[in-house]
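Protein chains: 2
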Amino acid sequence: MKESGRKQGAPSPCAACKLLRRRCAQDCVFAPYFPADDPQKFANVHKVFGASNVNKMLQELPVDQRGDAVSSMVYEANARVRDPVYGCVGAISSLQQQIDVLQTQLALAQAEVVHLRVRQTASMPNHGVGPGSPSSSGSPSSRLMGSQFRPTFDMDTACETHQMY
Amino acid sequence: MKESGRKQGAPSPCAACKLLRRRCAQDCVFAPYFPADDPQKFANVHKVFGASNVNKMLQELPVDQRGDAVSSMVYEANARVRDPVYGCVGAISSLQQQIDVLQTQLALAQAEVVHLRVRQTASMPNHGVGPGSPSSSGSPSSRLMGSQFRPTFDMDTACETHQMY
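Same order as they appear, the protein sequences are chains A and B.
Letter by letter, the first sequence follows residues 1 to 165 of full-length UniProt numbering.
Letter by letter, the second sequence follows residues 1 to 165 of full-length UniProt numbering.
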């Protein structure tokens, strides 16, 4: 079982304070998220963001959001250590490519559904209903067909256009 | 037209050195990527990663990879300023959700293609060829159908499992 933080009465510093060689205060902002038994978790975050920045970022957040913020920073830091050039932006680019491939596959499959329906209607003995209505009460995929969305990210321009200021 | 860096003979500090209030040396590691006329670009990177960490990360990379590294850091920093809790991990999560939706839509559309083909074959006068062979020389989508891939990211566990050490 993991120990989170320090034992009462026997102050053992959290991983952050241990690395920074400082006293781990009772209200240490790092202690709840960086237990002493997982030193690498803080080491990467410190290497990429710096303890001072992480401290500031956590202090600016309500306590109930700090756990998620630490998780996302740990994820980013590990990605940057693994890939110093692209970090987790490499993951975004890869996911974007997967979306592009899936959208192409989906468009082709949907076009084929339409093609097969039209052909099927034309081959029916009473096909006077016209190509606009075949199976329109339809299958689950026909109900989803209208909901194709555009991805919200374009990595070709993301680094230039996704700036806040 | 954008100025990149400093004019020869008229040393104007880059955005990084200006913010850090230091002399911008001829071989400043920041100058090629943080021109004086875009101070916010460096401000966010400094706020999130810290100038010292960025300096170190750039120094550890070959010169021809530093531009990409700066772009990805700027992207991450802007995302973190915009969303202090999730940063660009929020983007990864959103893209992953889009992939899940697209995979569901694709599976449904492909199932419908198969269903329509079988029905079409059954309604043909000479349908002795069996359901295994209809249109198998096929359309573009049928060639792509076998290439469905699993996403490489699972954000439910990413923050716990994508650690390097």
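Take these hints with a grain of salt, some might be off.
[What the hints assert, rightly or not] What the simulated footprint calls covered on chain A by chain B, stretch by stretch (three residues with Cβ under 8 Å from a Cβ of chain B suffice, anywhere in the stretch; the number is not a length):
no. : region
1   : 23 to 37
2   : 44 to 56
3   : 59 to 71
4   : 91 to 100
[To be verified] Incomplete in silico selection of chain A near chain B, CB under 10 Å:
no. : residue
5   : Ser-12
6   : Tyr-75
7   : Glu-76
8   : Arg-80
9   : Asp-83
10  : Pro-84
11  : Val-85
12  : Tyr-86
13  : Cys-88
14  : Gln-120
15  : Met-124
Derived by calculation from the structure, the hints in this document are not laboratory data.
For glycine and all other residues, C-beta sits at the position ideal for the given N, C-alpha and C.
Against the structure, the hints:
1. 23 to 37: As far as the region 23 to 37 of chain A goes, the hint is violated, because 0 residues have Cβ atoms under 8 Å from chain B.
2. 44 to 56: holds (count 7)
3. 59 to 71: Our answer is that it holds, as 6 residues pass the Cβ test (under 8 Å) against chain B, meeting three.
4. 91 to 100: Since 7 is at least three, the answer is holds.
5. Ser-12: violated, 21 Å
6. Tyr-75: holds, 5 Å
7. Glu-76: At 6 Å from the nearest chain B Cβ, Glu-76 (chain A) passes the 10 Å test, so the hint holds.
8. Arg-80: holds, 8 Å
9. Asp-83: Hint on Asp-83 (chain A): holds, closest Cβ of chain B at ~9 Å, below 10 Å.
10. Pro-84: Interface hint status for Pro-84 (chain A): holds (6 Å vs cutoff 10 Å).
11. Val-85: holds, 5 Å
12. Tyr-86: holds, 5 Å
13. Cys-88: holds, 6 Å
14. Gln-120: holds, 6 Å
15. Met-124: Interface hint status for Met-124 (chain A): holds (8 Å vs cutoff 10 Å).
Hint check: violations occur at hints 1 and 5; the rest are consistent with the structure.
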